[in-house]
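Visitor: Residue numbers (my numbering), protein chains in the order written: chain A, 1119 to 1372; chain B, 1119 to 1372.
Same chains, same names: a pair is fine if it fits in one copy or spans any two.
Heads up, simulated EDC-like pairs for lysine to aspartate or glutamate below, C-alpha to C-alpha not over 16 angstroms straight-line:
#1 K1325 to E1295
#2 K1325 to E1164
#3 K1307 to D1194
#4 K1325 to E1130
#5 K1307 to E1225
#6 K1325 to D1194
#7 K1325 to E1314
Since the hints were made in silico from the structure, they are not lab data. Being a predicted model, the structure only gives us computed values, none of them experimental.
Protein chains: 2
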Amino acid sequence: MFTAEVLSIGNELLIGQTTNTNLTWLSDQLTRLGGFVRRAITVRDEIIEISEALTLAIQHHPNILIVSGGLGPTFDDKTLQGIAYNQGLCLRLNNRALNLIRAKVKELNAGRLKMAHIPEGSQPLRNLVGTAPGVHIIVGKVHLFALPGVPSEMRSIFKHSVIRFMRRTLPLGSLYEAYMLSLGIPESKMAPIIYEAMNRFPEVYIKSHPLGIEEGRPKINLHLTSQTNSKQVRDVKAVLISKIRRSGGVIAAR
Amino acid sequence: MFTAEVLSIGNELLIGQTTNTNLTWLSDQLTRLGGFVRRAITVRDEIIEISEALTLAIQHHPNILIVSGGLGPTFDDKTLQGIAYNQGLCLRLNNRALNLIRAKVKELNAGRLKMAHIPEGSQPLRNLVGTAPGVHIIVGKVHLFALPGVPSEMRSIFKHSVIRFMRRTLPLGSLYEAYMLSLGIPESKMAPIIYEAMNRFPEVYIKSHPLGIEEGRPKINLHLTSQTNSKQVRDVKAVLISKIRRSGGVIAAR
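The whole structure should be built from the sequences, with the hints applied where relevant.
Guide: Below is the structure:
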């Protein structure tokens, strides 16, 4: 088990232009690796806002802090400036970063040179898909990974560099889960059934998602997860099936 | 112009099970109404986490704070407990809330009664789609609207109650925007073109989104927005088209 936070950077996420699927993907990956994603913050492309959000995330002392977005060549890509400002560091030309960028492009220009300037003491991470390197920096005991906002580049660096790092240094785990679809029991009657099951099996988390009414019957999706105990997930599922049927509900095949 | 923050509540958003499309929809709506969404926070279904995030959002003194999720009948719907804890208020049976719920269901039970207990001093908001009423509470000068996490219910209460409230009390505005698709100019060469245009037309914000390489040519989506000046958006678009063409790029019809 380890703890994680995610910081997403980009105006497009706060004007309704882009949906933050990076957070979905990252929190799925981190959870499956045994991580507990405690909080996620989304801020605009502003150095002060990025710095304030970094301070908030670091206060929680997560093992891993993933920052996505704002690593590109344009003037509104300010993530590394935000990190440097927050930590009182300068941005310095990093020769490894420069070589990674040179290997991807024919010629250098101001924007590409900008991407080679990373906070002093940080390490560039190879980007196999695009040009902007990721950045790994240790802040106190927090391992901060800054990744591009372009989903394919973010995923590639996460898989090649971040997961590899985590496997070396963190007590990784697994995620055990099960889904069930209940028909005929309204959410307010499902509540005590779930509550009782969670008290009996404290290592399993049960989340209910009401999906509206289907042919006059309330439809609820149940999601069972445990990061510690696969047997308890199966046990809870059996208990829930039995209770839902006894309350007059139906389990849809799934 | 007014300012806004969004707080999303739900474990499902932090384990990768659900993508936060509510934030996309809300920030689109708020931006189109003339709002500036400064930051968005996502937390788990925990009273302390909700309270901490509320404190952070309130510190920014937004005109509007939208909270979505955690209003249902189950034990892990803790948004109102989080608000009450944060503000030192008790949850009190609200007769209007109870009547709104009674109008939607045949019988009361513990879960439904829970939804009728809202922070003292707050107002319930009618939910035309589902059962859980929304809640409006004034915290200092911040108007906090707690809405359900089910998208159809959240949207309905936002349109019927929140927008109506904002029209009465806030200086609403409009959003002027334009999109362009550029082919043949890499992002690092686009950067100075955008930078120059934004310096010349400070009321227009230009955001570039690299979309990879198409038939050997870099493809970039440009999004122009202004909350104040529709003419400047058209002027900037003309300037960008001219500069991109002079730099050897092509504007794809759009």
